[in-house]
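Asker: Sequence:
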Amino acid sequence: MAAIVITRDFVAVSSGNQIKTYSLTCDDVQLLETPENVCSNDKKKANDRNGRILCMKFSPCAKYFAASNDKKQLVVWETSNWQLINSRFINKQASQLCFTQNKEILVADRCGDVYLHGFRESNNESRFVIGRISLLLDLVLSVDGRFLITSDRDEKICVSNFPNSYNIQSYCLGHTEFVSCVSLLSLNSDVLVSSSGDGTIRFWDFKSGVEKLCIDCAKEKGYDMKCDRSTRLSEMNSKTNAIKKCICMPNRNIVAVIYFSYSCVELYSVEINEESFSHSHIQTLSFPNIPFDAAFDENGRLWVVIPDKTKPINIFKLSNEENLEFVTEILEKNIKLNEDCEFFEEAGSSPTDISMMFKQWFDNVGEYLQKKEARIKVKHNKRIKTLK
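According to full-length UniProt numbering, the stretch in the sequence shown is residues 1 to 388, in order.
Some clues are possibly wrong.
[Claimed, not checked] Here are the computed lysine-lysine pairs in the DSS-like style, where the Cα-Cα straight-line distance is at most 25 Å: (1) Lys-92 with Lys-156; (2) Lys-63 with Lys-20; (3) Lys-221 with Lys-317; (4) Lys-385 with Lys-371.
[Stated by the list, open to error] Using C-beta positions, here's what the derived DEER-type ranges look like: (5) Asn-91 with Arg-375: 29 to 39 Å; (6) Ile-133 with Glu-78: 52 to 62 Å; (7) Glu-78 with Asn-320: 33 to 43 Å.
Worth flagging that the hints you see were computed from the coordinates, not collected in a lab.
For every residue, glycine included, the Cβ atom is placed at its ideal position computed from N, Cα and C.
Please model the complete structure; the sequences and the hints are all you need to start from.
Answerer: See below:
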């Protein structure tokens, strides 16, 4: 897998256990690797080679960059000189992370817990924030920093007060499968956007938990691969309308949608008039392979990472303000990013295994009824023999 995150001055792309950062203001390129030896009580853990990057984020001030890997390492760099300033082991593998306004890091793990980690010398402690009973898939802080929003495998979006997250503000309920991503609209920061394995993106007033708009992306595009009880576990990766990620464009109510099974990016425009929500489909960007990830920069350009040996990174810009049409952006930076195609080889090309994200249906009643019928039949045959 490969991933991309963007801040106002930098682009960071991960592939396997490596991260490359590109400056948007100059031609500086940095290769970041998580340290191999970190002080840990578990010597075996400390001596292992670098692990695959699971998640990464820039701080809102763009001064810090954090990443976590499958070796349970949380690493923080300073972006001014890309100096490593903090590295530690966390309790569980991280599923997502984000920075707070106080320059601390919230980490959601695969056991459903969220921890708050300090990374500066004045504050280097960790503390438990909130726990859920399901695997957490994403988290985001509200713009004012008052609410922590988490999404999980069991269809729920929980809005908690922050930092006192034991106080639940609301639940956003409506998805019928796992909620893969949550994000906030840039022009309407009180509106939450969520994507799910059910093939929909939904818009919420997250403070009240009220759903404002539901877009069935798969149905609108004519995709009909939906998992049900008859779908085998091994087929769920290819027979799914599941949405991997929804990305909100800065300074516009435009949302980009990436699927787990389709080699395209869908673009939607949302209009909000007081309490009225409406949407329109803008465009479908097609690719030779299923995209790994995508992100908008502050200029509204869409960066898409795909498994491709010649052009793994594609950049699109909004060319027509009225018709909202995205076209390929030809940048010197784009050419430079695609020069090192070997960097993306570790990302692989196979689709992400999401079969365990779906609900598993177990039909033991049918087997029980068959055995019961067989017992009754045997008993009936014995009775007939005795009467003869």
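Asker: For each hint, tell me whether it holds in the structure or not.
Answerer: Now the hints, each set against the structure:
Taking the CA atoms of Lys-92 and Lys-156, the gap is near 21 Å; set against the 25 Å cutoff, the hint holds. Taken as a hint, the Lys-63 and Lys-20 pair is honoured in the structure, with Cα atoms around 16 Å apart against an allowance of 25 Å. Restraint check for Lys-221 and Lys-317: satisfied, since their Cα atoms lie roughly 23 Å apart, inside the 25 Å limit. A distance of roughly 21 Å separates the Cα atoms of Lys-385 and Lys-371; the hinted pair therefore holds under the 25 Å criterion.
For the pair Asn-91 and Arg-375, the beta carbons lie near 50 Å from each other, so the given range of 29 to 39 Å is not met. Distance hint check for Ile-133 and Glu-78: the Cβ-Cβ separation is about 37 Å, which falls outside the suggested range of 52 to 62 Å. Remark: the range hint 33 to 43 Å for Glu-78 to Asn-320 is upheld by a beta-carbon distance near 40 Å.
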